[in-house]
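Read top to bottom, the protein sequences are chains A and B. Using the numbering used here, the first residue of the first sequence is number 1, and each one after it goes up by one. Using the numbering used here, the first residue of the second sequence is number 130, and each one after it goes up by one.
The hints are simulated quantities; they were obtained by calculation from the structure and are not laboratory data. We treat Cβ as the ideally placed atom computed from N, Cα and C, and that holds for glycine. Any given hint could be a false lead.
[Said to hold, decoys possible] Pairwise CB distance ranges (calculated):
#1 B:S159 x A:R93: 27 to 35 angstroms
#2 A:P28 x B:A279: 51 to 59 angstroms
#3 B:P295 x A:K95: 50 to 58 angstroms
#4 A:L35 x B:A222: 51 to 59 angstroms
#5 A:K95 x B:A279: 16 to 24 angstroms
#6 B:G350 x A:R13: 24 to 32 angstroms
#7 A:P28 x B:A239: 19 to 27 angstroms
#8 B:A239 x A:L35: 54 to 62 angstroms
Single-letter residue listing:
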Amino acid sequence: MAELNVNVVSAERAIWKGPAKSVVAKTPEGEIGVLPGHEPVLALLVESPLRIEAPDGSKLLVAVHGGFFSVDSDEVNVIAEIAELAEDIDVDRAKRALDAARAAGEEEFAALKRAETRITVAGAAAGLR
Amino acid sequence: MGAQLRVYRRRIRSVQATKKITKAMELIASSRIVKAQQRLAASEPYLIQLNSAISAAASHATDVRKHPLMARPEESKRAAILVITADRGLAGAYSSNAIKEAEGVNRMLAEQGTQAVPYVVGRKGVSFYRFRNRPVAGEYTGFTDQPTYADAKRIGDDLLTAFLTPTQEGGVDEIHIVYTHFLNMGSQEARVRRVLPLEVVDEVVSKESALPFPLYEFEPGPEAVLDGLLPRYIDQMVYLCLLMSAASEHAARRRAMKSATDNAEELIRSLTRQANQARQAEITQEISEIVGGADALSA
Numbered sequence: 001m002a003e004l005n006v007n008v009v010s011a012e013r014a015i016w017k018g019p020a021k022s023v024v025a026k027t028p029e030g031e032i033g034v035l036p037g038h039e040p041v042l043a044l045l046v047e048s049p050l051r052i053e054a055p056d057g058s059k060l061l062v063a064v065h066g067g068f069f070s071v072d073s074d075e076v077n078v079i080a081e082i083a084e085l086a087e088d089i090d091v092d093r094a095k096r097a098l099d100a101a102r103a104a105g106e107e108e109f110a111a112l113k114r115a116e117t118r119i120t121v122a123g124a125a126a127g128l129r
Numbered sequence: 130m131g132a133q134l135r136v137y138r139r140r141i142r143s144v145q146a147t148k149k150i151t152k153a154m155e156l157i158a159s160s161r162i163v164k165a166q167q168r169l170a171a172s173e174p175y176l177i178q179l180n181s182a183i184s185a186a187a188s189h190a191t192d193v194r195k196h197p198l199m200a201r202p203e204e205s206k207r208a209a210i211l212v213i214t215a216d217r218g219l220a221g222a223y224s225s226n227a228i229k230e231a232e233g234v235n236r237m238l239a240e241q242g243t244q245a246v247p248y249v250v251g252r253k254g255v256s257f258y259r260f261r262n263r264p265v266a267g268e269y270t271g272f273t274d275q276p277t278y279a280d281a282k283r284i285g286d287d288l289l290t291a292f293l294t295p296t297q298e299g300g301v302d303e304i305h306i307v308y309t310h311f312l313n314m315g316s317q318e319a320r321v322r323r324v325l326p327l328e329v330v331d332e333v334v335s336k337e338s339a340l341p342f343p344l345y346e347f348e349p350g351p352e353a354v355l356d357g358l359l360p361r362y363i364d365q366m367v368y369l370c371l372l373m374s375a376a377s378e379h380a381a382r383r384r385a386m387k388s389a390t391d392n393a394e395e396l397i398r399s400l401t402r403q404a405n406q407a408r409q410a411e412i413t414q415e416i417s418e419i420v421g422g423a424d425a426l427s428a
């Protein structure tokens, strides 16, 4: 079966690259799942966990914060401003950031979302193992 | 030991201590250049993808030229200049070259009747403006040797806000970045780059008929995608310039420290010669004193 070639890069470095069966990402319009043979798409990303399913069935979670992704002839490029693999996330730090952002209220909405996404991703990844 | 010899010895010791420091700084700077270059290379894929995505979105969006970030105002009254300098000195002419370049842009803009609004990165630049009592619209310090994307984003956001504010209310019509281009280990040069209004897209629109891009489905829509991507482009431009300048800063520091080390070695060599001479003169004098004394006794 055809496979997707997934390439995740952040502004600072390349995060992950490899084959995959499917990719699920979240756009401002809602979730979008990409399987091999998907039509070309260029979509914005929102703060969310990005789910990649490897050919062997294992799942990979990446916290993406802003950016976009493009799909073209089974090449999936995820271009996030900030992206972290689930195992790279410092959960304690994210929790502290979450508390700080909650305390700051409205102004720190972006930070709040970032911290929440990190914790969700780390939590979900722990559940998968 | 004679007084003269003691003075020479002391000076040699002090120069040796200085040499150790400059040598260490030279080595640190060399390793940091490599690191900065790696970071520059690591950020490349993002820029390439971002560029092609913007081009794709711009070729599909309607009325690209009317987009607030691309539309050129009939006349620009105020222009922001982001000057990237170093936080620390001992880097030769690195900061002053960037400032000189910025002053050149300043003059050029003034001739066109545009008022320049400085945004300054790096303590050296900040103190330049402060010393001359010139107002600064934004100052950012503490990260010039290892800039992160978050730093760039903060600057990018400020610049974008200024750009989107109407000119009458204190906004700016143009944004220029003065950074130091890293040509190679041996040479870097201060350069100016205009980031807004965007120029990249002009080329893209003209190539539209060729349509080199896949027929993307845009989510939520080409205009919305473009809206989302262009601010990222500014941030990325700032980030790139910061990284490039950081590499140049380390290269300039390495060079400055290398010549300081060389000078110290030169100084030590000539001081050692003088010290040897003083020692020999002392011995000669002592011998002639002894011989003279013995002669006087035997006579």
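Going through the hints against the structure:
1. B:S159 x A:R93: 27 to 35 angstroms: Cβ of S159 (chain B) to Cβ of R93 (chain A): about 32 angstroms, so the range 27 to 35 angstroms holds.
2. A:P28 x B:A279: 51 to 59 angstroms: At 23 angstroms between Cβs, range violated.
3. B:P295 x A:K95: 50 to 58 angstroms: violated (42 angstroms)
4. A:L35 x B:A222: 51 to 59 angstroms: Given a distance of about 57 angstroms, which is inside 51 to 59 angstroms, the answer is holds.
5. A:K95 x B:A279: 16 to 24 angstroms: holds (19 angstroms)
6. B:G350 x A:R13: 24 to 32 angstroms: Roughly 30 angstroms apart at Cβ, these two residues keep to the hinted range, so it holds.
7. A:P28 x B:A239: 19 to 27 angstroms: violated (43 angstroms)
8. B:A239 x A:L35: 54 to 62 angstroms: holds (58 angstroms)
Going down the numbered hints, you'll see the structure goes against 2, 3, 7, while the others check out.
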